[in-house]
Amino acid sequence: MKSLILQTAARYLLPLLALYSVLLFLQGHHDPGGGFVGGLIAAASLMLCALAYGVPVARDVLPIQPRNLIGIGLLSAAAAGSVGTLQGKPFLTSAWVKLQLPGFGELELGTPLLFDAGVFLAVLGVTVSILMTLAEEEEEE
Amino acid sequence: MDLLVAVLAPLAVAPLMPLVRRFAGRHVGDVAAAIPLAIAVYFARYVGTLGDGQSVAFRRAWVPEIGLSLSLRLDGLSLLFVLLISGIGALVCVYAGGYLAGNRRLGSFFGSLLAFMTAMLGIVLAENLLTLYVFWEFTTLTSFLLISFEHERQAARAAAMQALLTTAAGGLCLLAGVILLGLIGGSFEITELIERGDAVRAHRLYPAAVILILLGAFTKSAQFPFHYWLPNAMAAPTPVSAYLHSATMVKAGVYLLARLSPLLGGTDLWTVTVTGVGAVTMVVGTVLAFTSYDMKGILAYLTINVLGTLTMLIGLGTELAAEAAMIYLLAHALYKGALFLVTGAVDHAAHSRDLRELSGLRHRMPLTALIAALAALSMAGVVPFFGFLAKESYLHAVVEAPRMWPLLTFAAVVASVLVVAGAGLVAVAPFFGTLSEKADRAHEAGFRLWFVPALLAVAGLAAGLLPQTLAAPLVEPAVAAIVGEPVPLELKLWHGVTLPLVLSVIALAAGVALYVSHERVRSVFDGTRVLGGWGPAAWYDKGVTLLDVVAHWQTGFLQSGFLRTYVTVILAMTAGLAGLMITHFGLTFVERETIGVRWHEGIAAGLIVAAAFVAVRSTSRMRAVVALTIVGFGVSWIFVLFGGPDLAMTQIVVETLTTLLFVFAFYRLPKFSILSDRATRFRDAVLASSVGIVMTLLILLATGVDQYEPTSEYYVRSSVTEAHGRNIVNVILVDFRALDTLGEITVLSAAAVGVFVMVRLVAPKGGRS
Amino acid sequence: MEILLAIVVGCLVATGLYMMMRRSMLKLAIGLSLLSHGANLLIFTAGGLTRGQPPLIPQGETLPPAPYADPLPQALILTAIVISFGLLAFTIALIYRACHVTGTDDLDQLTTTET
Chain A
1 MKSLILQTAA RYLLPLLALY SVLLFLQGHH DPGGGFVGGL IAAASLMLCA
51 LAYGVPVARD VLPIQPRNLI GIGLLSAAAA GSVGTLQGKP FLTSAWVKLQ
101 LPGFGELELG TPLLFDAGVF LAVLGVTVSI LMTLAEEEEE E
Chain B
1 MDLLVAVLAP LAVAPLMPLV RRFAGRHVGD VAAAIPLAIA VYFARYVGTL
51 GDGQSVAFRR AWVPEIGLSL SLRLDGLSLL FVLLISGIGA LVCVYAGGYL
101 AGNRRLGSFF GSLLAFMTAM LGIVLAENLL TLYVFWEFTT LTSFLLISFE
151 HERQAARAAA MQALLTTAAG GLCLLAGVIL LGLIGGSFEI TELIERGDAV
201 RAHRLYPAAV ILILLGAFTK SAQFPFHYWL PNAMAAPTPV SAYLHSATMV
251 KAGVYLLARL SPLLGGTDLW TVTVTGVGAV TMVVGTVLAF TSYDMKGILA
301 YLTINVLGTL TMLIGLGTEL AAEAAMIYLL AHALYKGALF LVTGAVDHAA
351 HSRDLRELSG LRHRMPLTAL IAALAALSMA GVVPFFGFLA KESYLHAVVE
401 APRMWPLLTF AAVVASVLVV AGAGLVAVAP FFGTLSEKAD RAHEAGFRLW
451 FVPALLAVAG LAAGLLPQTL AAPLVEPAVA AIVGEPVPLE LKLWHGVTLP
501 LVLSVIALAA GVALYVSHER VRSVFDGTRV LGGWGPAAWY DKGVTLLDVV
551 AHWQTGFLQS GFLRTYVTVI LAMTAGLAGL MITHFGLTFV ERETIGVRWH
601 EGIAAGLIVA AAFVAVRSTS RMRAVVALTI VGFGVSWIFV LFGGPDLAMT
651 QIVVETLTTL LFVFAFYRLP KFSILSDRAT RFRDAVLASS VGIVMTLLIL
701 LATGVDQYEP TSEYYVRSSV TEAHGRNIVN VILVDFRALD TLGEITVLSA
751 AAVGVFVMVR LVAPKGGRS
Chain C
1 MEILLAIVVG CLVATGLYMM MRRSMLKLAI GLSLLSHGAN LLIFTAGGLT
51 RGQPPLIPQG ETLPPAPYAD PLPQALILTA IVISFGLLAF TIALIYRACH
101 VTGTDDLDQL TTTET
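The listed protein sequences correspond, in order, to chains A, B and C.
If you read the first sequence in my numbering, its first letter stands for residue 1, the second for the next number, and so on.
If you read the second sequence in my numbering, its first letter stands for residue 1, the second for the next number, and so on.
If you read the third sequence in my numbering, its first letter stands for residue 1, the second for the next number, and so on.
Just so you know, these hints were derived from the structure itself, not from any lab.
Misleading hints may appear alongside valid ones.
Computed Cβ-Cβ distance ranges for the label pairs, DEER-style [said to hold, decoys possible]:
1. C/Thr62 / B/Gln554: 42 to 50 Å
2. A/Phe91 / B/Gly543: 32 to 40 Å
3. C/Arg51 / A/Glu108: 27 to 35 Å
4. A/Glu139 / B/Val550: 26 to 34 Å
5. A/Glu139 / B/Arg683: 36 to 44 Å
Where is the CB? At the ideal position from N, CA and C, for every residue including glycine.
From just these sequences and the hints, can you work out the full model?
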């Protein structure tokens with residue numbers, strides 16, 4: 001599986017894809033994109049790395065265990081939902097704050113963004129975990 | 001509130017009984033008896049206050065949606081039953097503590113017994129018919145546990161199962177009848193229903209409701225032809241038989257009839273059915289008693305006789321009959337309880353209940369013999385026992401019956417004659433005559449085993465001597481509750497020479513004569529055994545066998561364990577039902593503006609279909625996976641063309657990852673092979689195609705339907721104003737319908753864990769690997 | 001176009017179900033995948049087709065320019081796509097494990113719970 005072309009391509013594509021996935025996630029609330037696509041593309045970039053260099057290298061690229069990512073993602077999504085509960089509203093009611101950044105304009109931040117981040121992490125963790133589990137089994141053969 | 005506490009107290013204590021057993025040891029029965037005794041004392045204060053038909057009520061909503069409320073009501077009828085249940089319950093607890101002493105499951109025995117007590121109290125105090133039904137089934141369940149207490153014995157298990165199936169089947173009928181009644185009358189509260197009695201009785205569904213409810217009552221009270229389970233239930237320990245199958249549970253059916261007779265009674269259907277079935281049961285019970293040599297079996301058949309008599313009296317519906325029924329009920333509880341317990345003592349001491357092995361026991365167990373004689377005299381209706389009053393009052397009621405009285409009187413006299421002889425069988429035969437071998441080894445049983453029956457037998461004598469003081473306060477309110485108005489009652493032994501008295505004396509004399517020659521008479525009655533081959537018990541056996549066969553067949557047929565069988569059945573049903581709807585209603589397509597097909601859209605659609613068929617036809621795994629990927633890309637192309645950029649992106653990435661998934665697992669996955677024969681494949685293809693056609697039609701029909709404002713318009717309107725987002729799809733996912741999304745990522749996480757576990761966790765060595 | 005897509009959905013459902021009725025486990029997985037494609041397209045088509053107008057609101061506006069595609073079915077399908085990926089992954093792992101343990105692909109051979 002280790003082809004030089006793939007390895008070279010992966011070296012440049014990996015950061016680009018990773019950046020693209022974050023971009024998709026960030027613009028998701030206003031333009032096409034979002035946590036699902038972002039997470040999936042991030043997972044795809046890691047799997048490209050795994051194909052090119054092998055699963056152990058890909059594991060090193062990812063600073064934490066994919067299974068922990070799932071947990072962090074689920075917790076973030078649940079935390080985003082709990083903000084509404086703490087305000088005495090139904091679970092998952094959104095809350096927004098407007099930040100005035102000098103020289104940058106206005107920035108709206110809300111719990112849906114945190115929720116979407118949770119989705120991003122969970123989808124990334126799930127996909128990578130599944131694929132790497134199967135891939136490692138393949139390599140051990 | 002107090003009523004509810006009283007009903008639930010035994011159940012609340014029941015789980016503690018094994019613990020009590022550990023600490024109280026031999027006295028566990030006495031401790032258990034404290035609860036019913038407390039209940040009896042608590043309710044005793046109502047004696048004398050409910051004579052004019054007053055009642056005490058308690059009500060709390062339970063499941064208001066279906067009209068189920070936890071409402072209890074204590075009136076005269078309930079009070080009589082409550083005192084019987086708790087009073088005899090306390091005595092039986094004490095007795096059982098001696099009878100079953102040393103049994104290692106004594107704790108759970110008392111647990112079941114107390115739970116049963118709650119169920120019985122619930123039945124007789126329930127004001128709501130659904131509440132009553134819940135307790136009704138609870139008695140069935142707890143009695144199953146009690147009958148099968150000696151579950152090591154096959155006979156006990158079979159008897160418990162028979163009782164369960166018979167009474168539970170009747171219980172289901174009762175439920176159906178109760179629901180019908182609730183729908184007819186618009187309420188499940190008994191008092192409310194009784195107020196609307198005329199409307200209920202005039203309703204066209206009234207006969208159905210009556211028959212269903214009667215089936216429930218008849219199975220519970222062992223009326224012919226459902227009487228067969230009661231003698232078999234004698235496999236239970238004797239205290240259980242005395243309590244459940246004589247004093248309380250089997251009377252639940254009688255109670256129900258009495259409770260509902262103001263509501264349902266008075267019509268031809270009710271009177272003829274209830275009186276008729278009761279009269280037949282009354283005679284059949286006594287006749288069958290002479291086919292048994294088992295003391296308990298004889299008592300069981302004689303109990304069936306009493307249950308029949310009570311049913312007949314309630315069916316008659318007159319004031320006299322209601323009086324007689326309540327007097328007889330009380331008398332029977334006293335003497336039959338005593339006789340059952342005496343039988344238990346004999347069994348305990350002589351290790352036999354068989355009349356052919358027992359005689360002359362009075363030399364070894366004089367006290368027990370005396371108690372048996374007292375109870376049997378009451379049963380035979382001898383002056384001055386309470387049984388005499390009972391017998392006279394019911395003969396009086398029969399003689400004065402508004403119709404059929406000659407027939408009923410004849411049946412009643414015949415039954416009375418046989419009951420007198422039956423009393424001889426259980427109280428004279430084993431105790432008198434020469435000492436048999438088994439009897440010779442017997443000895444007087446322990447204190448509890450003679451003291452408790454003695455109490456009951458003496459109570460029967462006392463109630464006969466002082467009926468106005470002891471029995472009337474219990475009987476009078478009960479009659480008032482049935483009849484619906486206060487009924488002054490005068491109980492006394494001597495009414496002058498009346499027709500009932502004459503009949504009673506004739507019955508006594510004939511009964512004694514019959515007993516004297518009972519050995520010869522037996523051979524006549526033995527003839528009825530031949531009938532058993534066609535009797536209801538045989539039908540029960542056949543029914544159970546048939547049920548087994550059907551269950552086995554349909555489980556094998558429907559639950560084959562093969563996924564494709566399930567899929568096939570579901571698809572056949574779907575296609576079949578859809579086809580039926582189409583042929584029945586026809587298809588109406590709503591004319592609607594559609595979008596034309598552009599050439600590249602046509603290509604995308606064609607590509608999807610072609611790739612799907614390649615995936616099906618392919619014999620190579622790789623080709624199938626590639627075809628599947630093409631289908632996915634085709635679908636995402638459609639998403640791009642019709643305004644779904646988010647979908648398209650997601651679909652493309654998922655498609656890529658799916659391909660990776662197949663690639664990683666590829667060499668470990670099996671090769672494609674054709675395992676089905678041509679005919680099967682053809683059949684499956686036809687089935688799958690027809691469901692496909694149904695789906696196509698579904699879309700074409702659904703796109704024409706435009707009945708409501710689309711939900712999504714709300715989302716579109718509020719996307720910017722409320723959710724601060726301009727990508728509406730994403731806003732729906734993370735804000736409007738975020739709970740769905742949260743659920744989804746949770747499911748995904750579970751899938752990831754599942755994959756990890758299945759692939760990586762290998763069974764330890766030595767196990768399966 | 002609606003009619004054409006309806007036929008496509010019919011074909012996807014039919015092929016998917018046919019594959020699910022086969023005895024081979026791998027064919028079951030492929031059938032499942034085809035079926036979910038069919039279901040997604042079904043929702044998409046039944047929700048109404050709009051050519052080329054995604055449900056996006058331009059900066060500074062509060063409503064998307066009409067006509068726009070219905071966002072609700074899209075949200076449902078987006079969820080369904082990802083879920084069906086999870087389902088497929090689970091199915092494949094199950095087949096993988098089953099083959100590993102039993103050494104057969106034939107569902108009819110898996111008649112007992114012991115191996």
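Using the beta carbons of A/Glu139 and B/Val550, state whether their distance is inside 26 to 34 Å or not.
With Cβ atoms ~55 Å apart, the hint is violated.
Given a hint of 27 to 35 Å, does the C-beta separation of C/Arg51 and A/Glu108 actually sit inside it?
32 Å, holds
Look at the Cβ atoms of A/Glu139 and B/Arg683 and judge whether their distance stays inside 36 to 44 Å.
Given a distance of about 43 Å, which is inside 36 to 44 Å, the answer is holds.
For C/Thr62 and B/Gln554, compare the CB-CB distance with the range 42 to 50 Å and indicate the outcome.
60 Å, violated
When you take the CB atoms of A/Phe91 and B/Gly543, is the distance between them in 32 to 40 Å?
Violated, at about 53 Å.
Against the hints set out earlier in the document, violations occur for numbers 1, 2, 4.
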